[in-house]
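Asker: Read off the chains here:
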Amino acid sequence: MSKIGEAFRKGKAFIPFLTCGDPDIETTKRAVREMVKNGADLIELGIPFSDPMAEGPVIQGANARALSNGITTDIIFDMVSELRKEISIPFVFMTYANVVFSYGSERFIRRCGEVGIDGMILPDVPYEERDEFSDICDKYDVDLISMVAPTSENRIAMIAKEAKGFLYVVSSLGVTGTRSEITTDLASIVSIVRENTDIPCAIGFGISTPEQAKKMSAISDGAIVGSAIVRLLEQYKTEAPEHIGEYVKKMKDAVMSGSSQPASC
Amino acid sequence: MKKGRFGAHGGQFIPETLMNAVEELEKAYEHYKDDPGFNSELTELLNEYAGRPSRLYFAEKMTKDLGGAKIYLKREDLNHTGSHKINNVLGQALLAKKMGKKRLIAETGAGQHGVATATAAALMGMECVVFMGEEDTVRQALNVYRMRLLGATVIPVKSGTGTLKDAVSEAMREWTSRIEDTHYCLGSVMGPHPFPTIVRDFQAVISREIKSQLMEKEGKLPDAVIACVGGGSNAMGSFYHFIDEKNVALIGCEAAGRGIETFETAATINTGRAGIFHGMKSYFCQDEYGQIAPVYSISAGLDYPGIGPEHAYLHDTGRAKYVPVTDEEAVLAFEYLSRTEGIIPAVESAHAISYAMKIAPDMKKEEIIVVTISGRGDKDCAAIARYRGEDIHE
Numbered sequence: 001m002s003k004i005g006e007a008f009r010k011g012k013a014f015i016p017f018l019t020c021g022d023p024d025i026e027t028t029k030r031a032v033r034e035m036v037k038n039g040a041d042l043i044e045l046g047i048p049f050s051d052p053m054a055e056g057p058v059i060q061g062a063n064a065r066a067l068s069n070g071i072t073t074d075i076i077f078d079m080v081s082e083l084r085k086e087i088s089i090p091f092v093f094m095t096y097a098n099v100v101f102s103y104g105s106e107r108f109i110r111r112c113g114e115v116g117i118d119g120m121i122l123p124d125v126p127y128e129e130r131d132e133f134s135d136i137c138d139k140y141d142v143d144l145i146s147m148v149a150p151t152s153e154n155r156i157a158m159i160a161k162e163a164k165g166f167l168y169v170v171s172s173l174g175v176t177g178t179r180s181e182i183t184t185d186l187a188s189i190v191s192i193v194r195e196n197t198d199i200p201c202a203i204g205f206g207i208s209t210p211e212q213a214k215k216m217s218a219i220s221d222g223a224i225v226g227s228a229i230v231r232l233l234e235q236y237k238t239e240a241p242e243h244i245g246e247y248v249k250k251m252k253d254a255v256m257s258g259s260s261q262p263a264s265c
Numbered sequence: 001m002k003k004g005r006f007g008a009h010g011g012q013f014i015p016e017t018l019m020n021a022v023e024e025l026e027k028a029y030e031h032y033k034d035d036p037g038f039n040s041e042l043t044e045l046l047n048e049y050a051g052r053p054s055r056l057y058f059a060e061k062m063t064k065d066l067g068g069a070k071i072y073l074k075r076e077d078l079n080h081t082g083s084h085k086i087n088n089v090l091g092q093a094l095l096a097k098k099m100g101k102k103r104l105i106a107e108t109g110a111g112q113h114g115v116a117t118a119t120a121a122a123l124m125g126m127e128c129v130v131f132m133g134e135e136d137t138v139r140q141a142l143n144v145y146r147m148r149l150l151g152a153t154v155i156p157v158k159s160g161t162g163t164l165k166d167a168v169s170e171a172m173r174e175w176t177s178r179i180e181d182t183h184y185c186l187g188s189v190m191g192p193h194p195f196p197t198i199v200r201d202f203q204a205v206i207s208r209e210i211k212s213q214l215m216e217k218e219g220k221l222p223d224a225v226i227a228c229v230g231g232g233s234n235a236m237g238s239f240y241h242f243i244d245e246k247n248v249a250l251i252g253c254e255a256a257g258r259g260i261e262t263f264e265t266a267a268t269i270n271t272g273r274a275g276i277f278h279g280m281k282s283y284f285c286q287d288e289y290g291q292i293a294p295v296y297s298i299s300a301g302l303d304y305p306g307i308g309p310e311h312a313y314l315h316d317t318g319r320a321k322y323v324p325v326t327d328e329e330a331v332l333a334f335e336y337l338s339r340t341e342g343i344i345p346a347v348e349s350a351h352a353i354s355y356a357m358k359i360a361p362d363m364k365k366e367e368i369i370v371v372t373i374s375g376r377g378d379k380d381c382a383a384i385a386r387y388r389g390e391d392i393h394e
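In the order they appear, the protein sequences are chains G and C. Counted from 1, the first sequence has number 150 at position 150 by the numbering used here; the numbering is strictly sequential. Counted from 1, the second sequence has number 87 at position 87 by the numbering used here; the numbering is strictly sequential.
Keep in mind that the hints were calculated from the coordinates and are not lab data. Some hints here could point you the wrong way.
Unchecked claim - Pulled a few chain G residues facing chain C out of the computed Cβ check, cut under 7 Å:
#, residue
1, Ser50
2, Gln60
3, Thr72
4, Thr73
5, Ala97
6, Asn98
7, Ser102
8, Ala149
Said to hold, decoys possible - Simulated crosslink set (BS3-like; lysine-lysine; CA at most 27 Å straight-line):
#, chain 1, residue 1, chain 2, residue 2
9, C, Lys246, C, Lys358
10, C, Lys358, C, Lys211
11, C, Lys3, G, Lys139
12, G, Lys249, G, Lys237
13, C, Lys158, G, Lys237
14, C, Lys61, C, Lys220
15, G, Lys215, G, Lys37
16, G, Lys249, G, Lys37
17, C, Lys211, C, Lys365
18, G, Lys3, G, Lys215
19, C, Lys211, C, Lys364
20, G, Lys161, C, Lys2
21, G, Lys29, G, Lys237
22, G, Lys161, C, Lys27
23, C, Lys2, G, Lys139
24, G, Lys161, C, Lys3
25, G, Lys161, G, Lys3
Positions of the beta carbon are idealized from the N, C-alpha and C atoms, including for glycine.
Kindly generate the complete structure, drawing on both the sequences and the hints.
Answerer: Written as structure tokens, this is what we have:
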């Protein structure tokens with residue numbers, strides 16, 4: 001089992017996301033430490049991209065702020081390298097294909113391995129295009145995370161069979177952002193996943209409240225939260241890490257309480 | 001080779017949420033493209049509604065004035081809605097209708113594709129939503145009004161640079177949120193497979209007509225075909241049936257903006273490098289970290305940081321060449337064609353005219369250049385007047 005798998009061994013996982021460099025890299029470091037201290041099991045680190053196609057307005061805004069502050073891929077690699085000295089939970093990068101490709105795919109993924117990045121989520125790389133990056137990822141022990149969506153239907157089995165690390169289950173149609181209600185029949189998606197792979201699956205897109213996190217983790221192996229955290233950064237800026245810590249604790253507690261229920265996967 | 005590749009370029013770099021939608025589209029297209037019923041319906045629309053075939057006009061005054069090669073103009077500006085965009089839109093709207101879709105969404109830069117989509121939606125009784133960069137809604141206010149008049153909703157896109165690339169991103173985001181009843185009517189030979197192929201095939205009517213019209217008039221093929229390139233749909237349509245005719249030079253004119261040595265340019269082949277964006281691998285204007293560059297051109301329709309994957313391939317193989325044309329050169333050509341031939345071209349098409357003006361004098365009198373006038377220039381008059389320091393009210 002890859003290092004990412006370990007994040008799911010202690011029970012249901014809580015996976016927070018933030019965009020690196022929003023509002024600045026020092027705040028990102030402090031926020032990551034707060035996340036770890038308050039029970040995050042795995043952290044998704046967003047590398048900003050100028051045109052983030054899968055993001056809603058909240059994370060789009062974070063991408064734009066980080067880039068206008070001069071954040072680059074190299075600055076983020078250095079940050080991860082520094083954080084790795086004190087933090088052992090898995091880190092995955094969440095970014096777009098061009099950020100990796102343009103840096104030089106091999107150079108980027110090798111550097112991921114060196115600094116201690118355990119996986120990579122590229123929302124604009126579907127199953128059909130995985131081999132653009134997957135061989136290099138295998139070479140450097142970086143898991144290329146697969147996603148399934150509410151529209152995947154006949155594709156779920158095929159995607160699950162090739163999945164590495166954990167499987168990212170997209171809860172709803174559309175882009176990232178908080179939602180008052182999640183209506184997709186996720187339990188049946190998860191059960192198809194289960195028939196085809198042993199790796200854990202976590203649900204993301206639209207989750208912001210402890211109730212949602214509890215419900216989502218009860219039917220899967222964990223919950224991923226992005227926009228709600230990025231919104232705290234937008235609101236409190238350099239003061240955000242403490243607020244993020246409190247929020248992560250609340251969400252982690254909710255996720256753990258979901259563990260006591262019989263899981264369908 | 002993998003699906004939808006043109007050499008190293010193309011592919012399907014899109015969120016998983018859209019994968020079944022593009023597969024459904026591919027299957028429908030494969031089914032209908034050779035279907036006689038579909039094709040006769042489309043031909044009927046193109047001929048009776050859009051006014052095809054478009055004229056291949058011998059620009060005699062321009063030819064004499066430049067003193068070299070014979071210049072023919074392929075008059076896509078004379079199509080209904082005023083540009084080549086209608087060729088692709090009628091094809092896609094008809095396809096969408098056959099697929100049972102009730103709603104068309106589209107991106108637009110100059111507004112020509114948005115107007116064409118709104119037109120087809122009105123004709124076929126479909127709902128229409130057009131995404132347009134906020135800056136472009138100002139530059140092309142008349143086209144915004146036309147779309148609304150045709151019953152479409154125009155959504156100004158504020159994110160990023162507020163231009164064509166942001167309109168494409170926003171249309172793709174919209175598509176991921178509503179797939180069931182919605183077809184994304186992409187306007188150029190770009191995006192994920194099967195769009196580059198579908199749009200090329202629907203625009204290939206341009207080169208099919210050029211070939212037969214020139215055969216009739218001159219009994220031979222042209223020596224060069226010149227067209228402007230943003231995403232590259234009118235150029236791909238103009239080149240397509242000549243790709244295997246090795247003696248026909250294929251020349252795409254990119255918008256150099258204030259010059260390819262400046263940052264204010266949109267010349268992708270001349271200043272960009274390989275990347276992955278908007279669903280495709282191709283060439284893009286970008287910085288060293290792969291952030292897409294904020295491009296610039298006086299022409300809202302060429303103001304795009306990428307180029308269709310088949311053009312990238314034609315560039316790699318050397319089959320076509322891509323040359324930069326500045327704002328200033330395009331404006332001079334815009335004025336020149338207006339005065340010399342009494343034809344006001346779209347500022348996009350003026351980029352192609354400019355390059356013809358550059359090379360025609362050095363070519364032999366029996367040689368032939370075909371320039372595609374992709375659209376009419378009425379929409380650009382206010383912007384060109386402003387460029388010349390004159391403020392006119394539309």
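Asker: Quickly compare the C-alpha distance for Lys161 of chain G and Lys3 of chain G to 27 Å and report which way the hint goes.
Answerer: 19 Å, holds
Asker: Would you check the hint for Lys249 of chain G and Lys237 of chain G, treating anything up to 27 Å between C-alpha atoms as holding?
Answerer: 19 Å, holds
Asker: Run the distance test for Lys3 of chain C versus Lys139 of chain G: straight-line Cα separation, threshold 27 Å.
Answerer: The given pair, whose Cα atoms are some 26 Å apart, holds under the 27 Å limit.
Asker: Sort out whether Lys211 of chain C lies within 27 Å of Lys358 of chain C, counting only the CA atoms.
Answerer: Distance ~24 Å between Lys358 of chain C and Lys211 of chain C Cα, so the pair holds.
Asker: Double-check Ser102 of chain G for me: the hint is only fine if its C-beta lies closer than 7 Å to a C-beta in chain C.
Answerer: This interface hint holds because 3 Å falls under the 7 Å limit.
Asker: Is Lys211 of chain C within 27 Å of Lys365 of chain C, Cα to Cα?
Answerer: It holds: about 20 Å lies between the C-alpha atoms, which stays within 27 Å.
Asker: Is Lys161 of chain G close enough to Lys2 of chain C, meaning Cα to Cα at most 27 Å?
Answerer: 20 Å, holds
Asker: Holds or violated: Lys29 of chain G and Lys237 of chain G, Cα atoms, limit 27 Å.
Answerer: 13 Å, holds
Asker: Let's test the interface hint: is any C-beta of chain C closer than 7 Å to that of Ser50 of chain G?
Answerer: 4 Å, holds
Asker: Does the alpha-carbon distance linking Lys61 of chain C and Lys220 of chain C stay inside the 27 Å limit?
Answerer: Distance of about 21 Å is within 27 Å: holds.
Asker: Would you settle whether the hint for Gln60 of chain G is holds or violated, based on the nearest Cβ-Cβ distance to chain C being less than 7 Å?
Answerer: 6 Å, holds
Asker: Sort out whether Lys358 of chain C lies within 27 Å of Lys246 of chain C, counting only the CA atoms.
Answerer: 22 Å, holds
The earlier numbered hints are all upheld by this structure, with none contradicted.
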